[in-house]
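Put chain B on the given structure of chain A with help from the hints.
Spelled out, the chains give:
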Amino acid sequence: MKRITAWRRRPWAGYAVVLAALAAIGVIYAGFSPQTDRAEAQGTAQAAEDLKHGQELFNKNCASCHGLNAEGTKDAEGNAIAPSLIGVGAASVDFQVSTGRMPASNPGAQIPRKPPIPAFNTSIKTDFEEKEKREAAEKQKAQAEKNLADLRAYISSLGGGPEVPPASAVDPSKGDAALGGKLFRTNCAQCHNFTGQGGALTGGKYAPALSGDDVTPTQMYEAMLTGPQAMPVFNDTTLRPEDKQAIIAYLVQTREEPNPGGNGLGRIGPVSEGLVAWVVGVGLMIMAAMWITAKKPKKLKKS
Amino acid sequence: MSDDNKETAGSTGPREDDGRRERVIGTPSPAREKALLAEDNISAPAGVGEQLDEASAKRAERVVASFFLLAFLASVVFIAYFIGWSGRDGGMHGVWDAREVNFWLGGTMALAFLSMAIGVTIWVRRLMTSKPIVQERHELAADEETRAAFNRDFLEGAEDSGITKRPLLRRTLLLAAAPLGLAPLVLLRDLGPLPEKKLRHTFWGDAVKRAQAEGKRGVRLVVDGTNKPLKVSDFATPGSMITVLPEGMEEHLPEDQVLTQVAKAVTILINVPSGEFKPAKGRGNWHVNGIVAYSKVCTHVGCPAALYEQTTHHILCPCHQSTFDATDAAKVVFGPAARPLPQLPLSVEDGYIIATSDYHEPVGPSFWERG
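Line order of the protein sequences matches chains A and B.
Each residue of the first sequence is one higher than the last, beginning at 1 in the working numbering.
Each residue of the second sequence is one higher than the last, beginning at 304 in the working numbering.
Because the hints were derived from the structure by calculation, they are not lab data.
Every residue, glycine too, gets a C-beta built ideally from N, C-alpha and C.
Careful: at least some of the hints might be erroneous.
[As the list claims (entries may be wrong)] Covered stretches of chain A, going by a simulated chain B footprint (3 or more residues, C-beta under 8 Å):
#1 64–74
#2 184–198
#3 216–230
[To be verified] What the simulated footprint calls covered on chain B by chain A, stretch by stretch (three residues with Cβ under 8 Å from a Cβ of chain A suffice, anywhere in the stretch; the number is not a length):
#4 442–451
#5 660–667
In isolation and in its complexed conformation, chain A is listed as follows (with noise of 0.2 Å):
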């Protein structure tokens, strides 16, 4: 007891309760309140291994061209063969995998739009009467969207980049289609022609068509924001998010407005498609009024 209320006198035996008080409280907190912790570290332990299963997924379909840090490769004479995925962000991550142009076949003069390959093809069919069947598909649907999701955020871990838009974003229906209109055809007419049918570039490249109905509005979107392969970047600083719904207005307006006149040739407008169908059309009536007049020419005489 003696030595006790000796160091009880000491000058830093003060702090030295408050310390102790204070470990202890936090230790008993810690002992009272162990689900959250679990929780967290639980959460973290699955955010960690859905990473590590990004970066399976990364090696295992991208690696060979983007190298085995998505750091980029290039061939022998100093060109790249695949860019760095370094902070391109998960957007563009998942424009280019859910519209199938990564992982390439082959690198080309353009990457072609196609079907993702099976771990990423998120619009598969599931509306199938059987159940097992439906279950089978939805199944592997559930799967391809962690995967593409894990994809994702392995890439956005390697050093930030743009952000999947929300879906409120790229809502057709909220946007200003007149606004979009003008945007479209001052900035983006030029190469996927006025209503999005899409046209050439130089040296093989070209403008996809986005008149389809697979080019989704969320596509549309991380499209602008990225810019992939020839084309510029339009960012959220430039392109307000408001200008941009304005614009997936549009397209998706234009697309889903009917043809009175039976097959159109890609909206050309009308004066111009009536041409066509006036040239054409009295063009093959000339040539039925040639061969119904036509006299049976001399070699066919002769059976």
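Below, chain B alone, put in the same frame as chain A:
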């Protein structure tokens, strides 16, 4: 058509018998007749010949009649559809119904006309004889007597009109015709003095002057369409491109002038990665870390040249494929354009990208006296 046609359709010997007609590859066709027409003295086109075979004519008659019946049915369906379906509830059912209506109305009408045409064609080819009929043509020139009569009548008419007797009429008529002859010469004016200096300036010049009068260094660049002024930090992503205009066009110009001026002032702003950018001589401070502005009006014939490939840094004109190098003062690398795209001098003020003067050369295609 059928076999009996071929039997009756003329009978000159096979071609191979005739030495002159053998074709040597690479030489002009030895055929004497034009591709479509046989010789005049050959009687038959793919027809029945001079005599009609009553049995096969009977068959053809039935075929033709059934085509006419089909035409009749199609027309009846057309009328029934028109009255009964597309015209129900007063018509006007919107564009989707218009598609369906166009299909059925067009289809039935086409079927009606087509089967009638096929019927008539078979009628002509299978039920009518095809003997040559000669129609003589008379000489085209009129005979002496007619020509003399015309001359007489013409002189008599001229005498009667008094054009020689009444000089006032003659002279006023000539006076009336003279300005029309001069008109083409007057049109030449538009090639020279009329445009004055308008083609040498754009609204960038006016806007910069106005901004400088307010104590600023230059005019801000705004996005065409949204009128959002651009900061350097807004446009910092390499590979960006956007169409810009000088700030305040709509406020400072009369409404009917806005589009005309936009057409001249329209500019593309490009963020070239600064490592790849090569500033031209004397233009070292015209860009902001690789952010560079060029006229969007092609120097060939004035199309909007804004097809920018961020991988090659080429600006393409979609009309005639003139290609300009964005990294190198928009020099022409391909195509019919003769001059680079004019460059707009840029700078920074309060974080915003500004233009510090008008284009230093006329924008757009060459013109008379451009120099």
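Going through the hints against the structure:
Given as covered by chain B, the segment 64–74 of chain A fails the check, having 0 residues with a CB less than 8 Å from a CB of that chain where 3 are the minimum. Using a Cβ-Cβ cut-off of 8 Å, 4 residues of the segment 184–198 of chain A lie near chain B, which meets the minimum of three, so the contact claim holds. Residue count for the segment 216–230 of chain A with a Cβ under 8 Å from a Cβ of chain B: 3. That meets the three needed, and the coverage hint holds. Three residues within the 8 Å Cβ limit are the bar, and the segment 442–451 of chain B against chain A gives 0, so the coverage statement is violated.
Under the rule that three or more residues need a Cβ within less than 8 Å of chain A, the assignment of the segment 660–667 of chain B is violated, with 0 such residues.
In this structure, the hints that do not hold are numbers 1, 4, 5, in rising order.
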